[in-house]
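S.K.: Residues 1 to 291 in this note's numbering are what the sequence shown lists, from first letter to last.
No lab work stands behind these hints, which were simulated from the structure alone.
Bear in mind that the values here come from a model prediction, so they are computed numbers and not experimental data.
Please note that the accuracy of each hint is not assured.
[To be verified] Listed next, with one range per pair, are the computed distances between beta-carbon atoms: (1) D38 with T218: 33 to 41 Å; (2) T29 with V56: 30 to 38 Å; (3) T29 with N162: 52 to 60 Å; (4) T218 with D58: 22 to 30 Å; (5) N44 with T81: 19 to 27 Å; (6) S89 with N147: 52 to 60 Å; (7) L57 with S260: 23 to 31 Å; (8) N162 with G60: 35 to 43 Å; (9) T42 with N162: 47 to 55 Å; (10) D88 with N147: 17 to 25 Å; (11) T81 with S50: 16 to 24 Å; (12) P54 with N147: 19 to 27 Å; (13) N33 with S122: 25 to 33 Å.
Quick reminder that beta carbons are idealized off the backbone N, C-alpha and C, glycines included.
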Amino acid sequence: MDRIRLRRQTIIMICTTLMMSSTTQAAFTFDSNGTDADGAWTLNSSDCPSINTPIVLDVGSSGVKQFSSISIHQNCRVTFTPAGGSFDSFSNPVRLIVSGDVTINGILDLDGEDGTVSTSTSSVAGGQGGSGGFDGGRSGLAGASSNPGGSGYGPGGGYGSNCSSAARVGLIAPAASNIRNQLLIGGSGGGGGCKYVSQIAGGGGGGGGALMVATSGTIIINGTITALGGNGGYAYSSAADGKSGSDGMVYLIANRIEGSGAIHASRSVVETLDYSGELTSSSPLSQIEFQ
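Starting from the given sequences, assemble the full structure and let the hints guide the process.
M.R.: Shown next as structure tokens:
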């Protein structure tokens, strides 16, 4: 039974190469051209002795790692650093270039952080974006028109609330309009909320990050890859709540992709390569669940 479900609007781009049996049709295979410079990345039960053991992979300023293979144990919850982005600083998307097989039984977590809630006398920063994503906007100060809720960072970041009169909610950062022509980029931050005098307000949620996994081998996903936008800070009033960041992007390229796991982002597209090398809407995937 086909378990692929496309919900909301995720950017999930999956390219695989279909091997054709006919001798009259060319067989195309994908070569990641990986250098294996970072060796094999293996996380086993000794690295992750309990469920959701936190693991942080530093991908550096470039965001690129070159592995010979990847194997992530089911107890591991991997996050990446650096993460988030604003006007004066940003993190690059995560690019994992692999020559061998990739097995993900645990969790690769590029979610944006949730916005927090201010006190009645101070504002709070928005949630940090995932790697390759952007931060949410700050909350506003009570009744201060000079300190409204901040807009979320990134292209299309959510507008912050205006504190000069009645408070207004920040806007959810919009989804991308053209998936095929997108660069690898994470989600934008949500707008910060505002408040009346003596009311609290929420910061905007961080945008989901962006991940590319490119391998000459097979990608097996029995765990989860997630790049969701963070929720806005909940201030018990729609006028003061921060708003959510937009979801990020997951881009997988391999000669075969299989497994019974899940990918969470929003804005969805599944594409494969046919025998002529052209993108098609057909997919050999029948187990991985997209949400």
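S.K.: Confirm or reject each hint.
M.R.: Going down the list of hints, with the structure as the test:
{"no.": "1", "hint": "D38 with T218: 33 to 41 Å", "in the structure": "violated, 19 Å"}
{"no.": "2", "hint": "T29 with V56: 30 to 38 Å", "in the structure": "holds, 34 Å"}
{"no.": "3", "hint": "T29 with N162: 52 to 60 Å", "in the structure": "holds, 55 Å"}
{"no.": "4", "hint": "T218 with D58: 22 to 30 Å", "in the structure": "holds, 26 Å"}
{"no.": "5", "hint": "N44 with T81: 19 to 27 Å", "in the structure": "holds, 22 Å"}
{"no.": "6", "hint": "S89 with N147: 52 to 60 Å", "in the structure": "violated, 22 Å"}
{"no.": "7", "hint": "L57 with S260: 23 to 31 Å", "in the structure": "holds, 24 Å"}
{"no.": "8", "hint": "N162 with G60: 35 to 43 Å", "in the structure": "holds, 39 Å"}
{"no.": "9", "hint": "T42 with N162: 47 to 55 Å", "in the structure": "holds, 51 Å"}
{"no.": "10", "hint": "D88 with N147: 17 to 25 Å", "in the structure": "holds, 19 Å"}
{"no.": "11", "hint": "T81 with S50: 16 to 24 Å", "in the structure": "holds, 22 Å"}
{"no.": "12", "hint": "P54 with N147: 19 to 27 Å", "in the structure": "violated, 35 Å"}
{"no.": "13", "hint": "N33 with S122: 25 to 33 Å", "in the structure": "violated, 51 Å"}
Taken one by one, the earlier hints fail for this structure at numbers 1, 6, 12 and 13, listed in ascending order.
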